[in-house]
Structure formats: structure tokens, C-alpha cells
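Participant: Each chain is listed here by its residues.
There are 2 protein chains.
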Amino acid sequence: MAITLYDLPGVEADRRFSPFCWRTRMALAHKGLEVETVPWRFTEKDRLPQPNAGRVPVIVDDSQVVHDSSTIAEYLENRYPDRPSLFPSEAARALTRFIQNWTETVVQPGLIGFVVLDIHRHIGPEDQAYFRQSREERFGGKLEEVVRDRDARLPAFRETLTPLRRTVERQDFLGGTAPAYADYIVFGAFQWARAISDYQLLAADDPVAAWRGRMLDLFGGLARKSPAYGG
Amino acid sequence: MAITLYDLPGVEADRRFSPFCWRTRMALAHKGLEVETVPWRFTEKDRLPQPNAGRVPVIVDDSQVVHDSSTIAEYLENRYPDRPSLFPSEAARALTRFIQNWTETVVQPGLIGFVVLDIHRHIGPEDQAYFRQSREERFGGKLEEVVRDRDARLPAFRETLTPLRRTVERQDFLGGTAPAYADYIVFGAFQWARAISDYQLLAADDPVAAWRGRMLDLFGGLARKSPAYGG
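Chains as they are written, first to last, in the working numbering: chain D, 1 to 231; chain L, 232 to 462.
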């Protein structure tokens, strides 16, 4: 039976952009598991299966409900040990956490300042008021103000990607010759931006763009085929 | 027979401070290999065994000469596969490269701006002129100028350590419950600063300081016992 994944859509139900849901989506594909996705909006708290923390991803596997992308990755690794591994050793699992923390404290906070207004534009109208209010509180200003100087911030943002750039210049994936869960974590951030915004975050000749291209090609172009503005 | 390690000393031969040599020193201890270190100064290019790139670390294992810390780590892993592993899977080896690139493009360039004048003070007088000239060319200014505003830069530097901090808050080592080569790479940078400077880079209650303490305790306090100003 397919695993059910509750996932965040844009105004169109098939535009999926949550970076955390993309981690799970790619992890499920890596494990070769069938998935059926259910679009779920910020404001539909009651429609998520229990237990959950009011956020996606949430998966239902048989009757088991698992939430939080990291917990889901651990669950999939333990439940399906004979399928391709997401962390091919305990040390790899531990090192992956560093890359996760880098993604969540450097890449994602950097990215949001470029795409936050585009997110607002492209989510469903029923979510817009909630999104604007919660994000404007977080940023302490109008979304329009947050993105106003984004061109000026772009070189510094690209500079923060140096550790990733140097790595994928010399090997195809963070995981080496094959992708690992660390790749899906970082890719989730870029796919989030790409799905919701046409802002060009990466120079065309950036090795990070080439790596993102390899990620988009995985699993028969799973992420490439998903609706995106291509930023 | 013990492996010979050519290593950079301060004005006293037993003060070792090269971050790259510390990677190797810790890797040798991790593998449980005997080592005899030979102090080697910047200006003694001719005294290094061939082949080398004019830099340390260089090791001699039996008659095999290996140089460059990363190449040495690979060599030790392949030559001594039955001893504790530095990268306990191919994925761990690949993920370690990301942490190496983060260390070399974020941590080490950040650190140098705090300790470069102290390095000059504490290396041997025969190296001082070479060091000042090469580093002042690199920085485009006097070493005294480079460090002048270091207090003002400290909060931003500590902020760049967030991915490390978050990780070692939740697990003892980057490698998980046990240290791996990734730990030695990052630790090498801190041991470099500590060996040569009394500047307090880390707040006493910083989880990074606690991790550094665990690293200093490894192998019977190998790094803790080495001469340091304790910064």
C-alpha cells in the first residue's frame, strides 16, 4: 500500500514547495517507496492525522502516523533497512545533522529574504492572510520591504554557499558518487525557492546550479517535473 | 616502527600549532599509531622529505612519504583498515569533505583575523620576517591593523559557528557518539588558535567550548597537554 504524504501546495494543488516536504518526498523516492500525496494548507490544522505538530510533512504508512521530516527519515531508514540507505553508517547519520543545521541556519534563512513575497503571491488565497501576518511579525516589517534590497544581498548569499560549492565541484553529490539524505536536505531549500519564485538565486555557471540540476534529474526527474517558476 | 610527522613548532619546539598538522596528529592517535614528531619551520623547505609541497604535515611511514593532511587521512584509512575508522562509510567520507570545506572557508579565515598577530609573536624569530611579509601581502595591511577591531568582529564570528554549535549541543561529536575525522578537521582550527593565542574566542558557556573540551580530553589529553595559551 502506498505511503500517504501530507504536503503543502501553492494556489494550484500540484505546486508543492515546502522544503521539509521535499526532503521527505526525495527520501521516499530514494527508498523506492510508493507515495500518494495529499495537498494540505497552512490553515487546515484539523485535517492532519494525529499525532502531528500542526505542520507538514506528516506521513501515514499502513496505520502508522509519523511527523517531522527528520523523524520521518529515521523512521524510513529503520522500517525499510533493506532499501537504499539514507545514512550509510552511524557516522554518516551524525554528519548529516551538521549539514541539516547549516541548511536551517544559513541557507534557509538566507533564501527566505529573496522569495518571501513570491510565496505570498503563489499560495492559495485562503492562506495569504495567515502567511502575511505570521511572516511580517517574524521579520518586523512588510513583505514588500523584506525583498526590496534582495539584489544587493545576492552576492553575500551566494558567498555563504561556498562550502557547498567547493564540495559539489569535486564530487557529484554531498553523499559522494550517489545522493544521500544530506543532499535532500539542502536540495529541499532550493526546490522550495524554485517552486515558488522565478528569482534567479544561482548564476548559470555556478557548480551549485549544476548539482541542483543533478538533483532535479533524480528519480526520473521527479523534482524537475513538479511545477516551478524556475528561480 | 613509529610514523614520523613533520610538524610546525612555535618559538619552543614543543608548541605545535598548525591546524593541518593537528588533523594528522589526532588521526594518528585515533588509529592508535605511534608517532614521532619532527619540528619543522616555514623557512626550512629543504629539510622536508621528498615528495612534498613545501608545507607540513608530511609523514614518513616505513619508507613511504605522504604529504597533505587530506591525503594522509586517506592513506591512513586505506593502509590501516582494521584500526578505528576515520570515515566509517563512503558516504561519511564524502560528507566529511563538506565539513572540511566549511572549516577552510568559514572557520579558518574567520579565526586568522583574531590570532594572526599572536602567531607572529610566538613563532621562532627565524620565521617572523617570512610570516609577516607573506601574511601582510595576503591581508593588504599590517598585522597590527588586521587584529585591531577583533573585539568588534567577535559576535559575528561566533555566529558563523551556529551549525557546529547546534550539532554538538545534541550529540557529543560531529561523528556522533564517537569522534570521526570531521571532528579533527574542525578541532584543528581551534587548537591552532589555542596553541598560539590567549584571545578568548568562545564564551565559557558555549556548547562549542564544551565540545572543544571533549576533544582536548581525547587520547589521554593529547591536545590539552600540548603547550597552549588557552584562547
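Think of the hints as simulated: they come from the structure by calculation, not from any bench. There's no promise every hint is true.
[To be verified] Using 20 Å as the maximum straight-line C-alpha spacing, the simulated EDC-like pairs for lysine to aspartate or glutamate come out as follows:
#1 K262/L <-> D62/D
#2 K262/L <-> D313/L
#3 K456/L <-> D245/L
#4 K262/L <-> E305/L
#5 K31/D <-> D245/L
#6 K262/L <-> D292/L
Participant: Give a verdict on every hint.
Facilitator: Hint by hint, here is what the structure shows:
For the hint linking K262/L to D62/D, the alpha-carbon distance of about 45 Å lies beyond 20 Å, and the restraint is violated. For the proposed pair K262/L and D313/L, the alpha carbon gap of about 9 Å is at most 20 Å, so the pair holds. The hinted pair formed by K456/L and D245/L meets the criterion: a straight-line CA distance of about 11 Å does not exceed 20 Å. Under the criterion of a C-alpha separation no larger than 20 Å, the hint pairing K262/L with E305/L is consistent with the structure, at around 12 Å.
For the hint linking K31/D to D245/L, the alpha-carbon distance of about 52 Å lies beyond 20 Å, and the restraint is violated. With a C-alpha separation of about 14 Å, the suggested pair K262/L and D292/L falls inside the 20 Å cut-off, and the hint holds.
Hints 1 and 5 from the list above are not met by this structure, while the remaining hints are.
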